[in-house]
Amino acid sequence: MKKSGQDPDLIASTQDQEPAGAAPDASLDSLFTNASTWGLEQGRNSGSPDAEAARDSAASAASKLTDGSRIAVIGGGPAGSLFSYFLLKTLDLVDTQVELDIYEPRLFTHSGPSGCNHCGGVVSESLVQILGAEGVLIPEEVVERGIDSYKMHMDVGAVRIDTPLHEKRIAAVYRGNGPRNSPPAMTTGFDRYLLQLATEYGANWQRQMVTDLQRHEQGWRLHCADNTAADYDLVVIACGINSALLIQTEKLGIKFHRPATLKTFIAEFKLGKQLIETTFGTSMHVFLLDLPKLEFAALIPKGDYVTLCMLGDEIDEELVNRFLNSPEVRECFPENRAPVNACHCFPRINVGPARQPYAEGMVFIGDSGVARLYKDGIGSAYRTAKAAAMTCALHGISESDFKQHYWPACRLITRDNTIGKLIFMVCTVIQKLKFTRRAVLRMVVLEQTLEGRKPRMSSVLWDVFTGSAPYTDVLLRTMHPAFLGHLCWNLVVANLPPIHAADKKVTAT
Amino acid sequence: MINALGKVFQPGENIVTQGEVGDCMYVIQQGEAEVLKDVDGKQIRVDTMRGGDIFGEIAIVEHTTRSSTVRAITEVHAMTIDRKTFLRRVQEDPSLALNVLKVMAHRVRGLDQELAVLKQSIAASGLETG
Chain A
1 MKKSGQDPDL
11 IASTQDQEPA
21 GAAPDASLDS
31 LFTNASTWGL
41 EQGRNSGSPD
51 AEAARDSAAS
61 AASKLTDGSR
71 IAVIGGGPAG
81 SLFSYFLLKT
91 LDLVDTQVEL
101 DIYEPRLFTH
111 SGPSGCNHCG
121 GVVSESLVQI
131 LGAEGVLIPE
141 EVVERGIDSY
151 KMHMDVGAVR
161 IDTPLHEKRI
171 AAVYRGNGPR
181 NSPPAMTTGF
191 DRYLLQLATE
201 YGANWQRQMV
211 TDLQRHEQGW
221 RLHCADNTAA
231 DYDLVVIACG
241 INSALLIQTE
251 KLGIKFHRPA
261 TLKTFIAEFK
271 LGKQLIETTF
281 GTSMHVFLLD
291 LPKLEFAALI
301 PKGDYVTLCM
311 LGDEIDEELV
321 NRFLNSPEVR
331 ECFPENRAPV
341 NACHCFPRIN
351 VGPARQPYAE
361 GMVFIGDSGV
371 ARLYKDGIGS
381 AYRTAKAAAM
391 TCALHGISES
401 DFKQHYWPAC
411 RLITRDNTIG
421 KLIFMVCTVI
431 QKLKFTRRAV
441 LRMVVLEQTL
451 EGRKPRMSSV
461 LWDVFTGSAP
471 YTDVLLRTMH
481 PAFLGHLCWN
491 LVVANLPPIH
501 AADKKVTAT
Chain B
1 MINALGKVFQ
11 PGENIVTQGE
21 VGDCMYVIQQ
31 GEAEVLKDVD
41 GKQIRVDTMR
51 GGDIFGEIAI
61 VEHTTRSSTV
71 RAITEVHAMT
81 IDRKTFLRRV
91 QEDPSLALNV
101 LKVMAHRVRG
111 LDQELAVLKQ
121 SIAASGLETG
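Sequence lines, in order, name chains A and B. Just so we're aligned, residue 1 is where the first sequence starts under my numbering, counting upward by one. Just so we're aligned, residue 1 is where the second sequence starts under my numbering, counting upward by one.
Keep in mind the hints are simulated off the structure, nothing from the lab. The hints are all genuine.
Derived coverage of chain B by chain A (criterion: at least 3 residues anywhere in the stretch with Cβ under 8 Å from a Cβ of chain A; other residues may be distant):
#1 4 to 11
#2 16 to 30
#3 43 to 57
#4 85 to 98
In silico BS3-like pairs for lysine-lysine, Cα to Cα no more than 27 Å straight-line:
#5 A:K273 to B:K7
#6 B:K7 to A:K454
#7 B:K37 to B:K7
#8 A:K421 to A:K263
#9 A:K89 to B:K102
#10 A:K293 to A:K421
#11 B:K102 to B:K119
#12 B:K7 to B:K102
#13 A:K421 to B:K84
#14 A:K89 to A:K403
#15 A:K454 to B:K84
#16 A:K432 to A:K293
#17 A:K421 to A:K434
#18 A:K263 to A:K293
#19 A:K251 to A:K263
#20 B:K37 to B:K119
#21 A:K89 to B:K84
#22 A:K434 to A:K293
Virtual Cβ for every residue (Gly too), placed ideally from N, Cα, C.
Could you build the full structure based on these sequences and the hints that come with them?
Structure follows, in structure tokens:
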């Protein structure tokens, strides 16, 4: 992993861009040569609605993938690989053969920054299930540890929340091949596995770094670091949020604008398999601590390492130290303190949607486009990749096709994120007010220890921590009268003067 | 087995039992299992399943009891897929159901084949006895 900032593997060069004053949504060249754009412009200026629809239809027909169409996918992370996999699989169903190149210079087989995608490495419960239903099984050699529970730590106590079926349905994975200086892992990184899956379905893996992108008569021209260039009908940007290539694409004269980002902190602590087994087990440890600027923090056990993932308002080293020195975190580690980390980075994550993540013959997927707020980044990479692949395979690759068939999937995520913001605001209130922390803890402890008790708070917290359910669904559950009733009752009872030992600092496992 | 996903079933252990109510389907991560049908108190093996196979999908689309028993032959790692998680995603992306449809189509084709063979053998035995 690297310390911060931009992805060195996909740094784009500073070649000549559109001249100042160019049309905001299309270069002059493409306006006259691109049938789809020309058709749309004509439709706006003249003609009846019928004529406009006919022109749109003709333009759309010219922007469909046909035998021999050429597609470039920039970035071989989960979004790029899953897009390629679903597109090739669907095109095979409709008997269309295309040329698809994935541009990814990394092998994902090196330990440390050169083979890493700077991420906590958790494949959510819902994604593991959905991939299973899609026929994509995450093999044992890709999973560093199967997770079956969460342990929530607060200053007022800790409690373990189990999956209802006591089943390992969350996968802790490495995106590359382990932390800096770690011995070669016996496992395969998640990104490498998905990339192999895409190549098995016919994608060509080009180990090239894309340095520039230009509009071309019939589509797009890609320039690579070795001074070669290639033309494509469709370009899929899946390079992630930390890539400088995204800055380049803003200068292409399209309406795209990069998503808003937030700095996070990720670190790896080497403890050894045996010690992790006895201290962390198969639980992810999450912390609701009253630390300014901290939204969420989790310790994720993997093979020989434990990954720390911190999200919040511009995480800095001071906050990291305060967190690591808090008693709740220290007592998770052997000898009551966190060891020196083996590797750490401050990557940025997507916290706001990109403006118009599509253009004529171009689409932005994964973190480059829209992602779920704070959680399940790989899950939203899957969702946007699949929606884009279905749009390209079954509808077309024009701007209007993406607007009609791809954007709704992004909008669903964006709208749900609005609710997510509200939920995280409530979480912050809980973090700040001790009497609410006591009530939440008491409610969860009772749900987890008393048989037959409906896990109302447990399931809400589970879905907030894991990102398994839409935030809207989580919010609706918290509005259930029974949930509110239980919460009010626990707010009173949990804050009465302690009579029983069990009402003091609680630790339930 | 710190890195295996799903639940582990030992050889001889039932993963699902005929007649019980189900609300999830299963995907076999690894291992081999047999599909058994209770007929007049006898268990007849109707199929075997391996890594990547999906079963129990009827419970996803119908509120009904399990139509067969699935029992582990070797150690089986199987993962459940919740009805709610699956249907929520299908609403957003109907193409997700394609893979399950493919599994069901494959099964119908297999049953057709077996039915044809059975009818042929019944007809042949009828001719012999007649």
